[in-house]
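Given the coordinates of chain B, assemble chain G onto it according to the supplied hints.
Residue numbers (this note's numbering), protein chains in the order written: chain B, 1 to 354; chain G, 355 to 708.
By construction, these hints were calculated from the structure, which means they are not laboratory data.
A quick note: this is a predicted structure, and the numbers were derived from the prediction, not measured.
Each residue gets a CB set at the ideal place from its N, CA and C atoms; glycine is no exception.
One should not assume that every hint holds.
Not the full set, but computed from the structure, chain B residues with beta-carbon under 7 Å of chain G [to be verified]:
no., residue
1, Q79
2, P251
3, N255
4, R275
5, T279
No farther apart than 25 Å at their CA atoms in a straight line, the calculated lysine to aspartate or glutamate pairs in the DMTMM-like style are these [to be verified]:
no., chain 1, residue 1, chain 2, residue 2
6, B, K252, G, D603
7, B, K281, G, E436
8, B, K141, B, E171
9, B, K72, B, E36
10, B, K141, B, E179
11, G, K635, B, E51
12, G, K606, B, D249
13, B, K72, B, E25
14, B, K12, B, E164
15, B, K281, G, E518
16, B, K141, B, E25
17, B, K252, G, D580
18, G, K386, B, E25
Protein chains: 2
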Amino acid sequence: MQIQIQTFTVHKRFPLTISRGTTAESSNIWVKIQHENIEGWGEASPFSIGEKPQTTAILQQALQQVAPTLEKFTPLDRQQIEQVLIAAQIPSAARAAIDMALHDWMGKKVGLPLWQLWGLERDRIPPISVTIGISTPEAAKQRVRNWLEFIDARVLKVKLGSPEGIAADREMLMAVKEEAPRDALLYVDANGGWNLPDAVKMCDWLATVGVHYVEQPLASVSAIADLPRLYQQSPLPIFVDESCFTSADIPKLANCVHGINIKLMKSGGLTEAMRMVYTAKACGLQVMFGCYSDSCLANTAAAQLAPLADYLDLDSHLNLIDDPFTGAVMNGGRFLPNDLPGLGLGVIPGGVIK
Amino acid sequence: MQIQIQTFTVHKRFPLTISRGTTAESSNIWVKIQHENIEGWGEASPFSIGEKPQTTAILQQALQQVAPTLEKFTPLDRQQIEQVLIAAQIPSAARAAIDMALHDWMGKKVGLPLWQLWGLERDRIPPISVTIGISTPEAAKQRVRNWLEFIDARVLKVKLGSPEGIAADREMLMAVKEEAPRDALLYVDANGGWNLPDAVKMCDWLATVGVHYVEQPLASVSAIADLPRLYQQSPLPIFVDESCFTSADIPKLANCVHGINIKLMKSGGLTEAMRMVYTAKACGLQVMFGCYSDSCLANTAAAQLAPLADYLDLDSHLNLIDDPFTGAVMNGGRFLPNDLPGLGLGVIPGGVIK
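If we strip away everything but chain B, and leave its shape as in the complex, we get (with noise of 0.2 Å):
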């Protein structure tokens, strides 16, 4: 098979705030695997958290580092691959990508959809949350109206862990809370923004206010100490994002967390995945699927998965203004992927690939 890789930058309508910094626009890698006429598509997009980061850079020469020694086998070799891009010390989100554009590569020859050829049920796909990033209250009530013009949203997903501190974060919260539709579920992502005592209280007032469930209260870091003791105080359940990178992090997690969020640039792909979903569901924990500064390519790939989530948060793309891809679609709150074989992708005509 032979591979080719491209980089495209992708710019958010609204520059994102998280309790570590602002995005406003990503260079991600666009990857395609060519084998007996079929193309399969990929996407990596940078990230930097864990030990080591990963920049658009460093994900490019790994790519073409091992794109050479990847042309002997074939796209149905996953197994072989994988463990060759390991072996290789692949970053995950360049192994991601390959992983992405062999399954593409697979549906498109077989003639099924993803979420088909796995036997899922498109129907039970939960609808997907989009983000409020840490701002001014007025700027997130903005912000929520905004969502609101173009999108049905049942899930507001809401950053919380601001340098200004806890008083900041409340204030921000009720007036997401105001905007937002009677009906939507809200929840809150503090990014590990918050220490122990600072994470108890605000559990404790964020389950009087409503909100359904908290993502990464404690930094990566300290939660390993201080996230059981969080769990039996909680009143709210606790997701973590940051300290669960693949299935081998979920068994230590099982006895304090409700639940993990599995992103497919974290766990080198849909192979791994699909491992954590089933690993996370036998130690007793609910999954979501979230994403980084993702187009439509990489979260498309998620949502053939979706139909075992129990959480959606897959709305990066939605927040880009030239984003290059067309897959699965926004229906009634729903991210929900198509009838096409593979991972039912395209490219928007006139979209600009840099």
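Just chain G, lined up with the frame of chain B:
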């Protein structure tokens, strides 16, 4: 889709004695699913461990009861079908037959063998073990010779836990070892036939005579309390079978065993078997695939997943005089799925199906 159910009886060349009793024949159930002129096949074979025995009559009744409910689905609706079967409390071996048939159908529909659809590497499949039942030392030697007449056996599984006690177990093991090829790997399955003191003694002794691992040394009822103690003391790796049905059983076994024996009849099919593999690996456990009195049909289904196994114990059909099915084939001690679409099954010409 339409479902047909047909019972057939297979007879063992050599009746098999384990700690719980002797089996000479088995009446299994052949499930055929028809849709769009494609037929998918599955098999249910009876077994009697766990809370409720799954006899042929019980399995047949469950399949007949649930078949009309499934007619509204297509064979790709596996997620929905699994939930219907679980809600209807259909026994696991009956669910396994349906799940196998759905997978066989899908593979035929798309024109690929399942192992290839799953991206697995057939060359990675480990050799299968062949089983020596509980007997006199002389009969055990004869059984080893019989196996070696028609199979290049690389792994011998010796059934211990004799009602005559561990002195008889020792004699039989030594007889097998004398007769086995020098480079054969030996392991022991006590089928829960020992108490804790005997298990500790036997694990110590078996390690000194070169046995590689021990399966289900303790009864599943006592195992809950005693396994951690045996795990700490045993110089040999411990696998469990009767103590582990599905992925939900695995996390609590993570710190008291080294591996699990996955059987399609216990798990309820290939879907859950795959969940078990992933959960076990995430928990740091090894996996073995095993069987009951399965014909070549169900063992061929398990062989599709075999590139994910550390050990394989899929020899039941090799001890049948009237196995009606063809599928995966023996090749140099390994049981390899073929290149035909789906499970790659056939019926032996003139094969007796009663």
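Q. Against which earlier hints does the structure fall short, listed by number upward?
A. 3, 13, 15 and 18
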